[in-house]
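Protein chains in written order, with the working numbering: chain W, 1 to 276; chain X, 1 to 672.
Just so you know, these hints were derived from the structure itself, not from any lab.
Built from N, CA and C at the ideal position, the CB exists for glycine as well.
A couple of the hints might just be wrong.
Chain W side only, calculated, beta carbon under 8 Å to chain X, not exhaustive [said to hold, decoys possible]:
1) 2
2) 25
3) 70
4) 73
5) 100
6) 102
In silico lysine to aspartate or glutamate, DMTMM-like type, Cα no more than 25 Å apart, as pairs [said to hold, decoys possible]:
7) W/65 <-> X/52
8) W/159 <-> W/121
9) W/59 <-> X/52
10) W/204 <-> W/172
11) W/183 <-> W/157
12) W/159 <-> X/498
13) W/77 <-> X/498
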Amino acid sequence: MSLLEVDDVVVQFGGVTAVNHASFVAEAGRITGLIGPNGAGKTTCFNVISGLQKPTKGKVRFDSKTVTNMPVHRRSKRGMGRTFQRLEAFGSLSVRENVRVALDIHRGLLGLVKPGAADLDALLERVGISAYAAERADSIPTGTARLLELARCLAGEPKLLLLDEPSSGLDESETGAFGDLLKDLAAGGCGILMVEHDMDLVMKVCDEIHVLDFGSVIASGLPGAIRSNPKVQKAYLGYSDEAPDESAALVGTHHDPALHDTSVLPVVPDEIGAVR
Amino acid sequence: MSSFISFTIFGLVSGAAYAIAASGLVLTYTTTRVFNIAHGAFGMVLAFVFWDFSERQGLPLWFSLVLVLLVVAPAAGWFVSRFVTKGLGEAPVSSSLVVTVGLFVGLIGLAQQIWPPEARFVPPFFPETSFQLGDTFVTAHQLITILSSIVVAVLLYLLLNRTRIGTAMRASVDNPELLKLFGGKPEQVASLSWAIGISLAALGGVLLVSVVGLDYYALTLLVINAYAAAMLGRLKSLPLTFVGAMGLGLLTSYASAYLPTEGLLNSVRNVVPALFLFAVIIILPQAQLRIGQVKGIVSAPLPSLGKSVGWGLALLAFVGLLAGSASQANLLLVGTAATYAIVMLSLVLLTGYGGHVSLAQLTFAGVGALAYAKLDQPNLYGLVLSALIAAAVGGLVALPVLRLTGLYLALSTLAFATIMDKMIFQADFAFGFNGTLPAGRLSILGTAINSTGGYVFAMSVFLVLVAWGLLLLRRGVLGRMLIAMRDSPAACGTLGLDMRWFRVGLFGMSAGIAGLAGALFAGLRGTIGSADFQSFNSLPLLLLAVVFGVTSITGAVLGGTGLMLLPVLSSGDPQLGGLLFAVIGFGAVFAGRDPNGLANLIFRTGRLLEGRVAPQVLARIPDLPGRGARRRGRGADAPGDGSVEVPLSQLTLDPNVPVEEKEVGAHVASRG
């Protein structure tokens, strides 16, 4: 059984369908990428998984328990951590205090055991932001704040990490180091589900990738297969290598009924394990 | 039977007027995310304007109506959306509440200033005309009210569903940024919805004024009826708001018809809307956490331990001096200031640290005072027990709102204050109708404090103790967690914090501190009554707390003094009362976005002096043996503690920064 199973989830806002019968899984000890063009429903999926958004339909199972109606904090207590695309750092606290709050929450108020300075320093060191420890969280660079959110999650010793565009704001060398950190975490048994726009990073670190477009999973598989998948190329680039005649309709592709009508699911090449 | 029908008609008529006002409230809230507590106050002021046009200046009725509804009200709405509430939707809910409470108080002050109290009468429309319906009569005014609500419902439906701007209005509810990207203009949408919203408030006010009477408070507090109705639709759905308004209108009407005229049930009729609100809150489903809202607030700096102790002792010494020299009347004023300051400290905890708003803090003080007088134990035990009772009541108020957001909590405190005011405090088991209760002076460890001077000193000791307690709390685990919850509830949730019970605890603790203040106040005065804790006065209290700075102890002490001075200032000239309200209200409208308030100005000046003047002064004082070392120690603290600018500029100019960043990368790299 997978660590996380998203099963046929639908989210509708008024008349708009943000997530349309999406199903995918993420495994423990592996890095799973969730990619797709802007507005594909990736962050909404994250909100459903972490409990910030109730799905209109569908189920979420985490660690062999259905958590669809579980409050946000209880999912976290069961081992789910997440970061945010729009930063949610505690702006008026210092970087160090941010992580300290996370440790306090994780250990429970009644414990009242002061989190050891060593634990705090180790967390800051692990994501590489020790140099910013004393600064207010709303004054540090975006990339650093994303790492801070990761450090906060790690304080809870999560089984599953949901990372929403974690590398945006990092420079090339920092991104490389960040990728290594993710691999390291996965090697330690943590499952990682990551929404990311940096394709180099995704292709380099992900064990499996799911592609969302208009709220539906249009492809799932290994990085290499995803890269050459014509449907994915089309969703991203507006044309695909294998269907040159369709590239003429470059602008109109987002309205291609073949992609967005759920009754006409894309044919996915054999080597890609399609979810449906 | 015919009386039942006539009460039903009366209920439907009031329901129709509530529905009109409530739909305006819902429209402005959904499109701009600013909940306008002053909605009823706008209705009140515009009803006065209508009276002014039609009665005082003698303009034709229809012309006055057109002027008010289509010119003055929309202009006021446009002005507010452009210059007062712009951008507030993205600010913490505490800011938008404080700003609109500022409008609320300011508008009442303005109305008192322009139209001083005198008997005014607004006749109903077509007073001579009525229609027979079976055994009962329906007046033309009643018919017009019901028809107006139907017309408003139809027009709003058409606007929102059949026009481009209406679609944009609905879109701006979900995502104003996205609307901008698609070529919409959120500012225009906001202005339009405020113009319509205030116009609807005016229509509601004009329709009700012949029933309720032209009164500063009665019409203003109708906002409670409006938002109680709107809550049935979760402040979003217009059809459910109409259903809620009609239901509330009928309930109110039946309550006034069929409830007994004796005992506690008699007073229930005055608080039906507030009870309705609590009932609705209990059945509302769990609210979802909002993502991406609050930026870190630059809070007032936390004083060092030495500074806290020093200033606390200085305050005590000052009050001690006053206690020995001031007259009895002035001592009572100092004691009152201390009371208000402690109540404001409870707001420092709740609003300054926790980001929640209570519109009933003085009512909690009243609960403490009532408990103290009823317990009749004028000692520490009685005092603590009174505070605990107030804390329990505070927790109880927060309990039904457990699953909802801070806005609902604030709104329910206003309803709670009304219930206490009109029902509980006036009841025979409490202060009694317009009655008072005796309360004894506190005795501490068997020693009675009989002199007013001594008692006032004891009060300031409690003030300082509470302040120290808050500062300790702010430095510890709880304080950090409060700030974290204020900055990002979503992050706290995903980190595993169950904020619901935390909030009940926070609210209870804050109410307990207010209750302590009330109990001390009861002992100071000797007799205490419901008039001392009128619910409305919680609003200027909140506003002054914010204007003087709700994030710091200094702000609370200054604010308490300011609030004590208000009646003193206006006692010489009753006219001044309205003006003061207007000044405080509109002052809070401008200061409400910065909860650090005036206190922060003092801190900044202090730091400036410390940075510029202190070194010069110190340089001229000959270095005494033993003192030099201490001074050097403080000097070393100063850059990190006092002036923020110095380390920042050092950081940005520091040539080592790029190297540091590389090191950051290297740390991560070394992990792989």
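Find the hints from earlier in the document that the structure breaks and name them by number, from lowest to highest. Hints 1, 2, 3, 7, 9 contradicted; others consistent.
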